[in-house]
Amino acid sequence: MDFMTILQLSDSSLRLATPLLLACLAGLFSERAGIFDIGLEGKMLAAAFFSAAFAFTTQNVWIGLSVGIIASVTLSLLHGLASITFRGNQLISGVAINFLASGMTVVIAQTWFSQGGRTPALSGPARFEEFVLPGASSRIRDIAQQDPLGQVYSELLSGHSILVYIALLIVPLTWWILYRTRFGLRLRAVGENPAAVDTAGISVVWLRFAAVMICGVLCGLAGAYLATGLSAGFVREMSAGRGFIALAALIFAKWRPWEALGACLLFGFLDAVGNRFQNIELLTFLNLVFLFVVLVGAIMLVLRAIAIARGKGKTRALTGPAIALGVGLLFSIGLPMLDPDGGLSATLNNIVLPVQFMQALPYILTVVILAGFVGRAIPPRAGGEPYVKER
Amino acid sequence: MTVPAIELKGISKAFGPVQANKDISLSVAKGAIHGIVGENGAGKSTLMSILYGFYKADAGEIWINGKKTSIPDSQAAIRAGIGMVHQHFKLVENFTVVENVILGAEDGAMLRPSISKARKVLLDLEHEYGLEVNPDAIIEDLSVGHQQRVEILKQLYREADILILDEPTGVLTPSEADQLFRILGRLKEEGKTIILITHKLREIMDITDTVSVMRRGEMTATVKTAETSPAEIAELMVGRKVLLQVDKTPANPGEVVLDVQNLRVVDPAGVERVKGISFQIRAGEILGIAGVAGNGQTELLEVLGGMIPAQGGTVKLHGEEIDITGSASDGQSRRQRGIGHVPEDRQVEGLIMPYEAWENVAFGYHHDPKYQSGPLMNNAAIKADCADKMERYDVRPPNPRLPARNFSGGNQQKIVVAREMDRMPELLLIGQPTRGVDIGAIEFIHKQIIALRDAGKAVLLVSVELDEIMGLSDRIAVMFDGVISGERLPSETNEGDLGLLMAGVNEAKGAA
Chain A
30 MDFMTILQLS DSSLRLATPL LLACLAGLFS ERAGIFDIGL EGKMLAAAFF SAAFAFTTQN
90 VWIGLSVGII ASVTLSLLHG LASITFRGNQ LISGVAINFL ASGMTVVIAQ TWFSQGGRTP
150 ALSGPARFEE FVLPGASSRI RDIAQQDPLG QVYSELLSGH SILVYIALLI VPLTWWILYR
210 TRFGLRLRAV GENPAAVDTA GISVVWLRFA AVMICGVLCG LAGAYLATGL SAGFVREMSA
270 GRGFIALAAL IFAKWRPWEA LGACLLFGFL DAVGNRFQNI ELLTFLNLVF LFVVLVGAIM
330 LVLRAIAIAR GKGKTRALTG PAIALGVGLL FSIGLPMLDP DGGLSATLNN IVLPVQFMQA
390 LPYILTVVIL AGFVGRAIPP RAGGEPYVKE R
Chain B
40 MTVPAIELKG ISKAFGPVQA NKDISLSVAK GAIHGIVGEN GAGKSTLMSI LYGFYKADAG
100 EIWINGKKTS IPDSQAAIRA GIGMVHQHFK LVENFTVVEN VILGAEDGAM LRPSISKARK
160 VLLDLEHEYG LEVNPDAIIE DLSVGHQQRV EILKQLYREA DILILDEPTG VLTPSEADQL
220 FRILGRLKEE GKTIILITHK LREIMDITDT VSVMRRGEMT ATVKTAETSP AEIAELMVGR
280 KVLLQVDKTP ANPGEVVLDV QNLRVVDPAG VERVKGISFQ IRAGEILGIA GVAGNGQTEL
340 LEVLGGMIPA QGGTVKLHGE EIDITGSASD GQSRRQRGIG HVPEDRQVEG LIMPYEAWEN
400 VAFGYHHDPK YQSGPLMNNA AIKADCADKM ERYDVRPPNP RLPARNFSGG NQQKIVVARE
460 MDRMPELLLI GQPTRGVDIG AIEFIHKQII ALRDAGKAVL LVSVELDEIM GLSDRIAVMF
520 DGVISGERLP SETNEGDLGL LMAGVNEAKG AA
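Sequences listed follow chains A and B, in order. If you read the first sequence in this note's numbering, its first letter stands for residue 30, the second for the next number, and so on. If you read the second sequence in this note's numbering, its first letter stands for residue 40, the second for the next number, and so on.
Be aware that one or more of the hints could be misleading.
To be verified - BS3-like mimics (lysine-lysine), calculated; alpha carbons at most 25 Å apart, straight line:
#1 B:K409 / B:K422
#2 B:K227 / B:K129
#3 A:K418 / B:K129
#4 B:K355 / B:K314
#5 B:K107 / B:K69
#6 B:K263 / B:K227
#7 A:K418 / B:K61
#8 A:K418 / B:K95
#9 B:K227 / B:K159
If you are wondering where the hints come from, they were derived from the structure by calculation, not from laboratory data.
Start from the sequences and build out the full structure, keeping to the hints where you can.
Quick look at the structure:
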């Protein structure tokens, strides 16, 4: 696997991780405030449709984006009305929103555009263009000529839709809001113990509605990116379970923003691998896995080392990432050495993983994560419970 | 005459057909500690909730420091200088102390300046009132007593002049309660007005200046504490004469019923909670286990009740060994062998709150043939049995169809007690039998426990209430840090002695 392939994989990981990241952060705001939201999927889908439809009709992607956000926020308010005002079951309300969006988008698309429940293909001003950073090349041929650093800049960092950069900026912003502002403190408190917030004289209802609305806006961005950035138009069920994967990522990330970025990149990477390698040889697949393990291990090692340098972590926390890094390196370097005559490699290369397996990977990982193989994830303690003032 | 800090005039509040407060008037002088006593459901909490803006009164006026004040919400109450320390703390458990203190009283949209300012103010307040607690500690790492200090600090940080404390000692150990009273004394010296809601008469007598008694939504009397007696207050509360002392004959112990040897319990986190304790209980005997909460009593009860496995030791019932290692250690088989268990936390372990009373009465005994009708449950029989038990155990209201959560604490406990004790178990395990239960129900439950003993059954009583342990037990064992730090006969000990044992100091041993 050459450097360019890895870069292209990373590049598409980033693009595919973006809708997950936006949806995941949307869920983070809502769930941190104690409102579980399995309607992320439906909100994304509705936003995808309305943004595509209006972007096509007006030929202005920004109008499309705004309408998409409005659609998503409307569904959010519906969820808020059901689960905050009327203290209904949050899961049922979320499921209802998913069904509503799934049916509504296709029906409206069919009556509006008569193209079998899809919108016409978007182009030009109706789509988010690739945003080329200053000094970056955008043509593959030019990029291939550059030195590795230039390649990273042009291929990986440059050339994404503006929404990708916005999504990446929202990660630190979310962290800052949660941990550095009064609103964040109250938001976290209302998800842990709404009674504490209520007795402190702060409105639980208002706070939760604010969180749910932020969730709506972020879901709107995610959906709009799906239809006007990642693809060029709306097709039915185009969210393809991303809302649920985002929820899995949220649990994986233990409801924390930086970890959410990591989790979403992981899912994005699997998605990218599935897209790029249709029928993949086992050897290539293993190489990819080890490459990934090395990457994750290295990043974790650096992050934890920084934490320790700031006096916020234990040295013990370095063990896990170090082992991952070591094992990954051992295999990716050691495999050819163990196998001088190439017999094992040939055998491994004869086993071809079908495309279905690759495409199922993100979902398989979701199941694994949700089954709790990733250690204890403690959700916000008041999550899922409507707040009723006690006597 | 000076202006009273709080004056309530003709407060009334109804919840549907239930008149929770009827035309209540109350006046509390500045700098006084005023007690409000009453049974559960007497309307104390409703009255205080109105004062704190949780509910709006149907009629009546609130005057604060001589000014008529309207309190539509908690924010208004805080502005009026009223602070409330709830019975169940309103703290965010995984936040730090300082984060909890500033929640809702931040100085601006940014957190950091608020926190650094609050940390300074907090240290001053802690010093001023003797409320030491680390501002950066996480709440869930603190003891219950310290959590309560945080609640008080929260109110002081908001510059409350009037503090309402709702059942503040319900969750405290005796020494923590003493500390709390010292703090309240200090607050009083600084001119704060304190309203203490409780149903523990001793506290009222010890610390209050004046006391009001509520019964069924009405204020039946307000008297100076110095001019009254516990018996008089109890009578005002319940509306009849109450036996404050448990009335019992000497025990007449028979053969050994429960024999526990070298019992060890290690919790899932790997901490050894019970460190090899041994004891016996004979028929017709009550063994009381005293101790500060968290010294292994809970685990002991749970192992014997079949809720958690033990890691070592033997338990014999009538000489026959009971499996305590895990697989077969379920409450079902325990019950079949004649072990009744009234767990410590009735709302979590004793009852299923959303289920109706009759369903709760059958739990654990649902295999009883009299509840069966062929392969099906005989619901009519269970309901009839429940109605019968409710009558005999004085559960109010005696309605088997009411969900468990709609009963008051005392009546919930009576449902559990009826279920576990009515079958005359050979051994009764009973944890915190009267926690959060009012005086009338306490008297009733105590009588039931004595009756069971007199019928020749063995009782293991675990309680953090020393009065209860001293009054009921025939022998007292004190647990400290997973071991029995000492055993006493009630006639040969006193609260001071037990208190030392609870702290792990065995004076008798030390002297010998």
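Hint check results:
1. B:K409 / B:K422: Distance of about 12 Å is within 25 Å: holds.
2. B:K227 / B:K129: holds, 23 Å
3. A:K418 / B:K129: holds, 12 Å
4. B:K355 / B:K314: holds, 18 Å
5. B:K107 / B:K69: The hint holds at about 16 Å.
6. B:K263 / B:K227: Holds: K263 of chain B and K227 of chain B sit about 17 Å apart, inside 25 Å.
7. A:K418 / B:K61: Satisfied, since the Cα-Cα distance of roughly 22 Å is no more than 25 Å.
8. A:K418 / B:K95: holds, 13 Å
9. B:K227 / B:K159: Holds, at roughly 23 Å.
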